[in-house]
Amino acid sequence: MNATERKPNQEILQSLEGAAKVFVLGCQGCPIGCQTGGQPWLDEMKAMLAAGGKQVTGSALIDMICNKAIVGMKLGRFIDALTAAQVVLVGSCGVGVQAVGNMVGRLAVPAMNTLCMGDYQGLWPSNERCAECGECMLAQTGGLCPITLCAKSLVNGQCGGTGFKGQCEVSPEHPCGWHLIYERLKSLGRLDDMRRLQKPRDFRKREISDAYRHTIRWALEVAEDEQKSDKPQPVSK
Amino acid sequence: MSQLQQRLAAGQFVVTGEIGPPKGTNVGPVLHEAEHYLKGRVVAVNVTDIQTAVMRTGSMAMCKMLIDRGIEPVFQMVCRDRNRLALQSDLLSAAILGIENVLSLTGDHVVMGDHRDAKPVYDLDSVGLLQAMTRLESGTDMGCDFKGNPNQLDGVPKFFKGCCTTPCGPDPEAQVIKLEKKAAAGAQFVQTQAVYDPPVFEKFMKRIEHVKIPVLVGIVALKSAGMAKYMNRAVPGVQVPEALIKELTAAPKENLKKVSAQIAARLVRQMRPMCQGAHLMTLGWDDIVPDIIEQAGLKA
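Chains D and H, in that order, give the protein sequences. Sequence positions in the first sequence follow the working numbering and run 582 to 818. Sequence positions in the second sequence follow the working numbering and run 12 to 311.
If you are wondering where the hints come from, they were derived from the structure by calculation, not from laboratory data. Just so it is clear, the structure is predicted and the values come from calculations on it, not from any experiment. Using N, Cα and C, we set each Cβ at its ideal position, and we do this for glycine too. Among these hints, one or two may not hold up.
Estimated spans, in silico, between C-beta atoms of each pair [stated by the list, open to error]:
#, chain 1, residue 1, chain 2, residue 2, range
1, H, A254, D, L772, 26 to 36 Å
2, H, K310, D, G770, 33 to 43 Å
3, H, K130, D, R710, 16 to 26 Å
4, D, M654, H, A97, 42 to 52 Å
5, D, I789, H, M123, 54 to 64 Å
6, D, D644, H, G166, 25 to 35 Å
7, D, S790, H, A97, 48 to 58 Å
8, H, F157, D, E598, 29 to 39 Å
9, D, D783, H, I107, 46 to 56 Å
10, H, G81, D, L772, 40 to 50 Å
11, D, K786, H, D165, 26 to 36 Å
12, H, N94, D, R776, 40 to 50 Å
With the rest of the complex left out, here is chain D:
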C-alpha cells in the first residue's frame, strides 16, 4: 500500500495560484487505508477550496487512479466539469497524480505527499514512477516527476546533457525528464512554474511521518511484528 500524508492546505492553495476553477479527484485505493483520502477528504477539500475563493467545477472518487485506463474510463462522464476546470487537484500518491496528468489536458496538482510505496507501486503498476520523496513537487512541474524522470533528480531544470532529440545523456533510450516537463508546461501555458527557484530538497521527508505511524494500517503491521517477536528467539551467546 502506498502511504501518503496530506499536504497543508496553505501549500495546496499556493499550488493553485492563478487557477480559479478546480476539479477535485480522489483515489479510493491506498488513501482509504492511510486515512488520508476518500469521501471525508473530498468534502474537506471542497469546503477548503470554496473558503479559499475557488470554484469547484466537479469532483470524483476513483478506485485506482494509478491506472490510466481506469482514469480515462471513469472520468469520461465528468468531461464537461473537467474541461471547465483549469487545474485538477488529485488526492493520491505521486503515481496517481502523474497518471491523471498524463490523461487529462490539465495540470494535475498533488494534494498529498507520498511517503512510502509499501509493497509495490499502486495496485496497477504503470509507467509513472514515484520516489516517495515526501515533498511532492508535481504542482510545479506540470504533473511530471523530476525526481524519477531526471537521471540526476534535478529540481531547477535541465542540465547541459539534453540531446537534440530531447534525450538524456545517460542513454538515447532515456528521455530528458526536464525536456518533457518543459514541453508539458509550455503546452499548458505555465512556463512560469519553471521559473520558481526551488529550495534544496529536504531528505528528512523521506522518513515515515508520525501521522502515518498513528494509522490503523501501521498499528496492524506493528502488531504483527510484535507477535513475531513474542516467539522464542535463538540465543546468541
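We have chain D; now place chain H onto it with these hints.
The following block gives chain H in isolation, referenced to the frame of chain D:
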C-alpha cells in the same frame, strides 16, 4: 577580489583557459603546460572536476598548485560526487587555500565515465550549489540548530561565483529560465558550452540580455574532422557547422593544429562584440593557446 572579477568589472574582454588533472599522481606534464602556454596569456585557468565522470586527481589540489605557480585558478565544482556537507566543507577549504573563482556545474552522470556502478549524488543541483556559496558568504551555512537558527561561521569566505549555460542546445528557452535562476541564486559570471555558430550565439545573447552577468563564450578546439563529427553525434548541446568540418577535412594532418587555432581565433573574433570574454578549452593542445590569442588579436 580575483583578477578575473576585476577585469570583468573593468569591462575588459577576458580570456580563460582550462586544464584537466591527470589520472594518477603525475601532475608534472599538465603543470608544465599551464606554466608554459597559459600563464601570463590567460587571466585564469579552469581546473575540471572529475570531468566526464572519469576518476582523476582532484580539482582543488590542482588549483592550489596553480596558485603556487602564480596562475589564478577557476575551481570547477560538480554536484555529482558530494552532498551538501562535503560541498560546503570543500568551499571553505578552497577559500582558505586562496581560491576565489568557483564554477558551479551539475556534472556529467556517472554512467558517462569509468565508474559506471557508482552512486550519483546530486544532493544539490547547480542552482543549489550557487545558493550554498551565497549562504556561506553571508556568514552562515545551509543547516540550522535545534531552534531553527542558521549555523554561524567562524570566518567568512568570499567567492567569485560562476555557472554554465548551453546556448546552442535543443531548448534555449529552458536554458534561459535556468540561467535566470542561477543569476538569482548569486551567479556572477557565465561560461558557455562550446559554440561554433556565431549567429545562433548572437540570438541566445539577445534572449539573455536581461540577465546582467558577464558571459564568456566557450571555445573547444576542434582537433580533427572526426572529432567534430563525433561531437555532433554524441555531445549534447554542441553543433559544429558543416563548413568547419570541411575546413578540417581539407587540412593536411601536419597542419591540423594550425587550422584548429585559426578556427578558434576566428570564432573568438566573430563573437567578441557579443560577449565579455572567451573560455578556451584546448583539451590537451595547450600549445595552441598562444597562437589563438595572437590570431584573435587579444593581449594577455
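Original post:
When the hints from earlier in the document are held up against this structure, which numbers fail?
Top reply: 2, 5, 6, 7, 9 and 12
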